[in-house]
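Read off the chains here:
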Amino acid sequence: MNRRLATPLYLLPALAVYGLFVLTPIAESFRLSLFRWPFPSAQPVFCGLRNFADLLRDAVFWKACQHNAALLLMSLAVQLPAAIALAVLLHYPTRGRTLFRTAFFAPMVMPTAAIAVLWQFIYAPEQGLLSRLIALVRPGFAYPWLADPRTTLLWIFVTICWRYIGFHMVLYMAALGAIPEELYEAARLDGAGEWQACRYITLPMLRPMIGISATLSIIGSLKYFDLVYLMAGGVPEESRELMATYIYRLAFDEYQGRFGYGSAAAVMLFVIALLVIVPLQARSRRRSPDNPTGTAP
Amino acid sequence: MKRSLRYAVLLCFLVLTAYPLLWMALAAVRLEGDVQQNPFGIPTQVTLANLAAVLRSGIFGKAYLNSLLVCAAGVAAALACGAPAAFAFARLPFRGSQALFLTFLLGMMIPVHVTLIPLNRLLGSAGLGLKGTLWALIGPYAGFALPVTILILRGAFEAIPRDLLDAARMDGCGHWGTFRHVALPLARPAIATVVIFNFLSMWNEFAFALTLLDPRNPTLPIAIARFKGEHDIEIARTCAALCVVVLPLLAVYCAAQRHIIRGLTAGAVKE
Amino acid sequence: MRTLPPLACASVAALLLGCGKPPADTASPKAGAPPATITLSFWHIMNYSGPEEILAEAVQRFEHAYPDTRVEIQAFENDAYKTKLAIEMASGTPPDILFTWGGGPLAQFAASGHVADLTEALSRDGWRDRFIDQALGICTVRGRVFAVPLDLSAVVLWYNRELMQAHGVKPPETYDDLLDLCGVFHRARITPFALGNMKQWPGAFYFIYLANRCGGTELFLDAADGRGGATFDASPFVEAGERLQRLVQAHAFPVGFNGVDVGMARSRFLQEDAAMYLMGTWMVARAQAEKADFLAKLDCVPFPGVPGGKGSSRTVVGGVNCGFAVAGRCPHPERAIELLRFLTAPEVVEAWCRIGRIPALRPTPEAEALLPEPTAKALALLKAADALQPYYDQYLTPRLAAEHKKTTQGLFAGTLTPAEAAARMAACAREAGQEHPPP
Chain A
63 MNRRLATPLY
73 LLPALAVYGL
83 FVLTPIAESF
93 RLSLFRWPFP
103 SAQPVFCGLR
113 NFADLLRDAV
123 FWKACQHNAA
133 LLLMSLAVQL
143 PAAIALAVLL
153 HYPTRGRTLF
163 RTAFFAPMVM
173 PTAAIAVLWQ
183 FIYAPEQGLL
193 SRLIALVRPG
203 FAYPWLADPR
213 TTLLWIFVTI
223 CWRYIGFHMV
233 LYMAALGAIP
243 EELYEAARLD
253 GAGEWQACRY
263 ITLPMLRPMI
273 GISATLSIIG
283 SLKYFDLVYL
293 MAGGVPEESR
303 ELMATYIYRL
313 AFDEYQGRFG
323 YGSAAAVMLF
333 VIALLVIVPL
343 QARSRRRSPD
353 NPTGTAP
Chain B
17 MKRSLRYAVL
27 LCFLVLTAYP
37 LLWMALAAVR
47 LEGDVQQNPF
57 GIPTQVTLAN
67 LAAVLRSGIF
77 GKAYLNSLLV
87 CAAGVAAALA
97 CGAPAAFAFA
107 RLPFRGSQAL
117 FLTFLLGMMI
127 PVHVTLIPLN
137 RLLGSAGLGL
147 KGTLWALIGP
157 YAGFALPVTI
167 LILRGAFEAI
177 PRDLLDAARM
187 DGCGHWGTFR
197 HVALPLARPA
207 IATVVIFNFL
217 SMWNEFAFAL
227 TLLDPRNPTL
237 PIAIARFKGE
247 HDIEIARTCA
257 ALCVVVLPLL
267 AVYCAAQRHI
277 IRGLTAGAVK
287 E
Chain C
590 MRTLPPLACA
600 SVAALLLGCG
610 KPPADTASPK
620 AGAPPATITL
630 SFWHIMNYSG
640 PEEILAEAVQ
650 RFEHAYPDTR
660 VEIQAFENDA
670 YKTKLAIEMA
680 SGTPPDILFT
690 WGGGPLAQFA
700 ASGHVADLTE
710 ALSRDGWRDR
720 FIDQALGICT
730 VRGRVFAVPL
740 DLSAVVLWYN
750 RELMQAHGVK
760 PPETYDDLLD
770 LCGVFHRARI
780 TPFALGNMKQ
790 WPGAFYFIYL
800 ANRCGGTELF
810 LDAADGRGGA
820 TFDASPFVEA
830 GERLQRLVQA
840 HAFPVGFNGV
850 DVGMARSRFL
860 QEDAAMYLMG
870 TWMVARAQAE
880 KADFLAKLDC
890 VPFPGVPGGK
900 GSSRTVVGGV
910 NCGFAVAGRC
920 PHPERAIELL
930 RFLTAPEVVE
940 AWCRIGRIPA
950 LRPTPEAEAL
960 LPEPTAKALA
970 LLKAADALQP
980 YYDQYLTPRL
990 AAEHKKTTQG
1000 LFAGTLTPAE
1010 AAARMAACAR
1020 EAGQEHPPP
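Chains as they are written, first to last, in this note's numbering: chain A, 63 to 359; chain B, 17 to 287; chain C, 590 to 1028.
Hints were generated in silico from the structure; no laboratory data involved.
It is possible that part of the hints are untrue.
Straight-line distance between alpha carbons at most 27 Å, and here's what the computed BS3-like set of lysine-lysine pairs gives [stated by the list, open to error]:
id, chain 1, residue 1, chain 2, residue 2
1, C, K886, C, K966
2, A, K285, A, K125
3, A, K125, C, K995
4, B, K78, C, K788
5, C, K899, C, K995
6, C, K671, C, K759
7, C, K966, A, K125
8, C, K759, C, K899
9, C, K759, C, K966
10, C, K788, C, K671
11, C, K886, C, K995
12, A, K285, C, K995
13, C, K972, C, K671
14, A, K285, C, K671
15, C, K788, A, K285
16, C, K995, C, K788
17, C, K972, C, K899
18, C, K759, C, K972
To be clear about the criterion: a stretch of chain B counts as covered by chain A if any three or more of its residues have a C-beta under 8 Å from a C-beta of chain A, and this derived list gives those stretches [unchecked claim]:
id, stretch
19, 56–69
20, 89–97
21, 104–113
22, 237–244
Where is the CB? At the ideal position from N, CA and C, for every residue including glycine.
Given these sequences and hints, build the entire structure.
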């Protein structure tokens, strides 16, 4: 078949589904961002760019952006290396590998509701697991893990990383399995030690997967919602919101009903994400001979 | 690296991840007051009442089936639409390719909650009229899974050595043949990644399911939420519900793991 | 690991057995009955055993009386319900009969025609007279009734009688008693008050009570409705904030209470780690389920007054925890109102007492005797009350309610001064007043 005729056929199904179920709602929320809508009790009223003007002065929103950035950094700096390390460790012949792999993956299939309940017990100020463990060395220890505005989000981020490490580990295990054994044999013959093999064979061979996993982390942390919404109620809003939780609270929580304003915040989030993703994409495209997956840094 | 050190690290992490599961399973057979008042203690009394209440509610069998159906259909639809598109982006250069690709990425950047009202209208009786049926979920699930699917698969298709594709072309394969018989099998690890990722996102998805489904015919996350009380969560019962939901899934994952991992690696290009 | 596949099979089998039984399906046509021609959708959030069955039975009785009508009941979880209802209302497809707490949100729905006026219907057959006036008042907007309440709740100061006796103290009668008790229990390494304020409403009770004792119920109502120049930065509101912070400084609450969920706070009280607990009457049912023998030690008093305060210490904070409204768009309002009659029928009221909850309709003495002892005591306080102070988050417009909960949590955390919190409330009320000008 002629290529010029064929290309649209490859794209058409995706475009149809995507256009109908994703682009239309997005376009609608862009439109609503220009309205004042104390819904559900009233009709939307056009207000031009006023929502955006308000948003620029909204301290909570900008704090929320910073929190997203912190989550992003943390998932790249902690979650990814840990996932790689665990995958490498498990790649050695290991007794009970199935057990390890299943258990590591378990937090990922555990529904968020259960995770939130359990970790609230773990983080309970006095009788929580964490406080009790510390009390073994420092009797009488108590700490408001989820009520200290400076650190609450940090502890929740720890929970988030804990949850996702197993998933990323599975990705890396798959990639490790694809590295030809001969490379390592050749390295051993050349007298390379274990660390060197890791540095010069494993990591470079993992690079495409690192790209994928980093991209998933970046997007995931920009849109993150669940555990923060469920666990961060104990601190003032400027210390607890992520962009997505703030948008939800504006629109739905306790019928705050500022749907137009929430949509405007979503548009901002969208623009910010775009500003992060587009340069990354462009850069990886330029480097494409070097970075064949062209996915992410 | 030292064997003992390696096992020590692995065991540490095992405790971190397996303990919650164990806790959940234990809480499921404890009395509510017991869990609330001594969450980390040894059960004083074992009861099957929570599990019985969950199974008796009768909704979980249906919800399980619904979740499996919707997730399978959503994953399949995302793959069926996304893979050819990713192939086009990777291997069939056309004008506006980069811009269109970015358009596809846009979907990843919108928080789902602001799309609920527009989607509700689109699928409601004034629009497609699918609301309340399982069909209503498949479209949005597939649509919102497309960006990640295309992003990952494009990378995988680009990583396939040019020679292999050219060789296929020489052997008389058209584009479609090259795509079906060469590119797709070679991209198996990426496809498996996409499938796992999409499946898990859909499996845990709450907002769309709440908006678009008939609550009497729900998916699992909605069914689980029913066990939250008026003012706070009923832990023992929720955990029992979660056990019913999670343990079979984990068991399947555990049993099928060898095949999954083999599937993940079998098609990889070995240069 | 070899045992896992059989285990998986077993659990799947168990699951399938479990789902063999279809869920209670109200839609099944009764033999010999004419086919249903009217369908009513009914959403509520009483999604747990007890209330859920009572409502389902009431609906069955209704369907029996009106064979041509089918009711589709859907029970949601609280948060899910709020989201779902907002989306459906915005899309113009609300359920025919909807659950409501009355107050501010109901007033907004009423102002925009989302809910039907029930005043006429209530005046027929003495229906109106069966309700407790204050409960109906929360469902009333400018003299018109838009919902019928079924559940009434009151917040009282619960205390552990044995702990009080063991430490030789009496339950508090004044604010200063409260401070003294805090000292006594703190020295004895017992938390004076159990509190888990992560969701923000449990802590709000302290502010509501203190503001009520300082300024009286009328001041709040005036400030909320923008009458007589009353505002939320009036001095009693500031004083309430100060008194609240003085309690915090007196170690009234456990460490990190702002980050603790309400369930954990209740356990603390039930485990006798805490002496007092300011909570709604619904707490009794959970206490009974979790630690039945505790009920013998459970007692309650009204929240103490403050020296020189305008409010009476007999006023009780309370409100409607479950009410029903008919959607403005409902195509069969007459039939829907008929369903409301069944939902508030004497049988339902009696069953409500039997599960230990206070009905918003006057129960018969026999029905009232079914209430557990602590609940009956709280009800006595409610009956003796000279006024009912509504929950702020129920009475105010949603946005102001959210601001109230946020600022109160800030007062607890010490991140806001009482004057700042009051100023924020007043500013928010002004803004909200501009958005929804009072007619």
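Inset, instruction - Given the hint that K886 of chain C pairs with K995 of chain C, test it: the Cα-Cα distance must not exceed 27 Å. - result: violated, 34 Å
Legend entry - Agreement of K886 of chain C and K966 of chain C with the hint, judged by alpha carbon distance not exceeding 27 Å: Status holds; Cα separation ~13 Å.
Inset, instruction - Assess, step by step, whether the Cα of K966 of chain C is no farther than 27 Å from the Cα of K125 of chain A, and give holds or violated. - result: Violated, because 47 Å separates the two Cα atoms, which is more than 27 Å.
Inset, instruction - Measure nothing beyond the straight line between the CA atoms of K972 of chain C and K899 of chain C; if it is 27 Å or shorter, mark the hint as holding. - result: holds, 21 Å
Inset, instruction - Given the hint that K759 of chain C pairs with K899 of chain C, test it: the Cα-Cα distance must not exceed 27 Å. - result: Holds: K759 of chain C and K899 of chain C sit about 25 Å apart, inside 27 Å.
Legend entry - Pairwise hint evaluation, K671 of chain C against K285 of chain A, where the allowed Cα distance is 27 Å at most: holds, 22 Å
Legend entry - Outcome, coverage of the stretch 237–244 of chain B by chain A - at least 3 residues whose beta-carbon is closer than 8 Å to one in that chain: holds (count 4)
Legend entry - Restraint status (C-alpha distance of K759 of chain C to K966 of chain C at most 27 Å): holds, 17 Å
Legend entry - 27 Å limit on alpha-carbon distance, applied to hinted pair K671 of chain C and K759 of chain C: Since the Cα atoms of K671 of chain C and K759 of chain C sit roughly 42 Å apart, the hinted pair is violated (cutoff 27 Å).
Legend entry - Hint consistency between K972 of chain C and K671 of chain C [alpha-carbon to alpha-carbon, up to 27 Å]: Violated. K972 of chain C to K671 of chain C sits at ~31 Å, over the 27 Å cutoff.
Legend entry - Hint consistency between K285 of chain A and K125 of chain A [alpha-carbon to alpha-carbon, up to 27 Å]: Answer holds: K285 of chain A to K125 of chain A is near 15 Å, not above 27 Å.
Legend entry - Distance restraint between K125 of chain A and K995 of chain C, which requires alpha-carbon spacing of 27 Å or less: holds, 16 Å
Violated hints for the displayed structure, listed by number in ascending order: 4, 6, 7, 11, 13 and 19.
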